[in-house]
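Start from the sequences and build out the full structure, keeping to the hints where you can.
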Amino acid sequence: MKTQPDESEEQPLRTLLQDWRVEAKPAPRFKQEVWRRIDTAERTQEQATASPDRLFTGWLETLFASWRPAVAYVAVLLLLGGALGHRTGQAQTDAAQRQLANLYVQSVDPYQNPASDRP
Amino acid sequence: MKRTLLILLGGLILGGATFCAFYAAEQRAARSLQTDDQPELAWLKHEFRLGDAEFERISRLHETYLPHCMEMCERIAAKQAELDQLLGQSDRMTAEIERVMEESATLRLRCQKMMLQHFYEVSQAMPPDQGKRYLDWVVGRTFAADFGMPAR
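So the sequence lines, in the order shown, correspond to chains A and B.
Heads up: the first sequence at position 28 corresponds to 28 in my numbering, and the numbers run straight through without jumps.
Heads up: the second sequence at position 73 corresponds to 1073 in my numbering, and the numbers run straight through without jumps.
No lab work stands behind these hints: they were computed from the structure.
Since we're looking at a predicted model, the values are computed, not measured.
Take these hints with a grain of salt, some might be off.
Unchecked claim - Here are the simulated lysine to aspartate or glutamate pairs, EDC-like style, with alpha carbons at most 20 Å apart: (1) B/K1113 with B/E1071; (2) B/K1113 with B/E1102; (3) B/K1079 with B/E1096; (4) B/K1132 with B/E1056; (5) B/K1079 with B/E1102; (6) B/K1002 with A/D39; (7) B/K1045 with A/D109; (8) B/K1113 with B/E1103; (9) B/K1045 with B/E1026; (10) B/K1045 with B/E1121; (11) B/K1113 with A/D109; (12) B/K1045 with B/E1056; (13) B/K1079 with A/D109; (14) B/K1002 with A/E61; (15) B/K1045 with A/D94; (16) B/K1079 with B/E1103; (17) B/K1002 with A/D53; (18) B/K1045 with B/E1063; (19) B/K1045 with B/D1136; (20) B/K1132 with B/E1121.
Structure below.
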C-alpha cells in the first residue's frame, strides 16, 4: 500500500501553490473589524469570569461609550443638583424669614413670646 | 476607562456646582436682609413689598413708636416688681395688692391700645392689600387669645 506520494507527483502541486496569488481584495475596514471581534470576544470572556465591580466598570464603559447616555447622566445630575439646591436654600430662607418676622414682632411687642409663623 | 471616569466626575462636579448656584441664589435675599442695620424693618419691606416712600414713612412710624413702647415696658416691669414684692409679703388678697394689680392691668391695656394704634398706622401706610395682610398677621401674632396654650 502506498502512503506517501512520490516526489515527482508532488512537484506540479507545489509549483501551482507557489504561483498562486490571491486577487480578491479584503472587505473595507477588514482589519478593524477583526480587532473589534477579538476585543469583543476578550471582553465577553473577561466578563464571564470578572468580579462584580469589574462587571460594573465594564457596564459603565459600555454605557458611556455612546454619547446619549453620557449626556443623559450629566443632565440628570444637573437637574438633581438644581432641585436640591433650590429646595435646601428655600428651607433655610424660610427659617431666616421666620426669625426676622419674630424679630419684628418682638420689637413692637417686647412681651411677646417668640412664635414661628410669618405672614 | 479614562473617558468613563471623566464623564462620572464631570457630571458630579457639574451637579455640585448647580446645587451651589441654586442654593446661593435662594439665600441671597435672606442674607441681604439679615445683614441690614435694621433687619426687622428690612424684612417688613421685603415681605410686604413696600416701595421706598412707603418704607420711609413706616420706618419713621417705627422709630417714633419704639421709645414710647420702651417707656411703657419699663413702667409695666416696675409695676410687676412692685406686685411681686407685695405677693411675697402677703398670704391673702389685700387692698394694696388689688390696687397694684389694677394699675398693672391699666398699664398693659394702655400699652396694647398704643400698640394697636401703631399697627393701624403702619397698615394704612402700606398699599391696601398689603396693609390688610400685615394687619391680619400682626394682630393675630400679638393679640392671639390662646395664652400660649396648645389647641385642643
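To see whether the hints hold, each was checked on the structure:
no., hint, in the structure
1, B/K1113 with B/E1071, "14 Å, holds"
2, B/K1113 with B/E1102, "16 Å, holds"
3, B/K1079 with B/E1096, "12 Å, holds"
4, B/K1132 with B/E1056, "19 Å, holds"
5, B/K1079 with B/E1102, "10 Å, holds"
6, B/K1002 with A/D39, "18 Å, holds"
7, B/K1045 with A/D109, "19 Å, holds"
8, B/K1113 with B/E1103, "15 Å, holds"
9, B/K1045 with B/E1026, "18 Å, holds"
10, B/K1045 with B/E1121, "15 Å, holds"
11, B/K1113 with A/D109, "12 Å, holds"
12, B/K1045 with B/E1056, "10 Å, holds"
13, B/K1079 with A/D109, "17 Å, holds"
14, B/K1002 with A/E61, "9 Å, holds"
15, B/K1045 with A/D94, "16 Å, holds"
16, B/K1079 with B/E1103, "8 Å, holds"
17, B/K1002 with A/D53, "16 Å, holds"
18, B/K1045 with B/E1063, "15 Å, holds"
19, B/K1045 with B/D1136, "17 Å, holds"
20, B/K1132 with B/E1121, "12 Å, holds"
Hint compliance for this structure: every hint is met.
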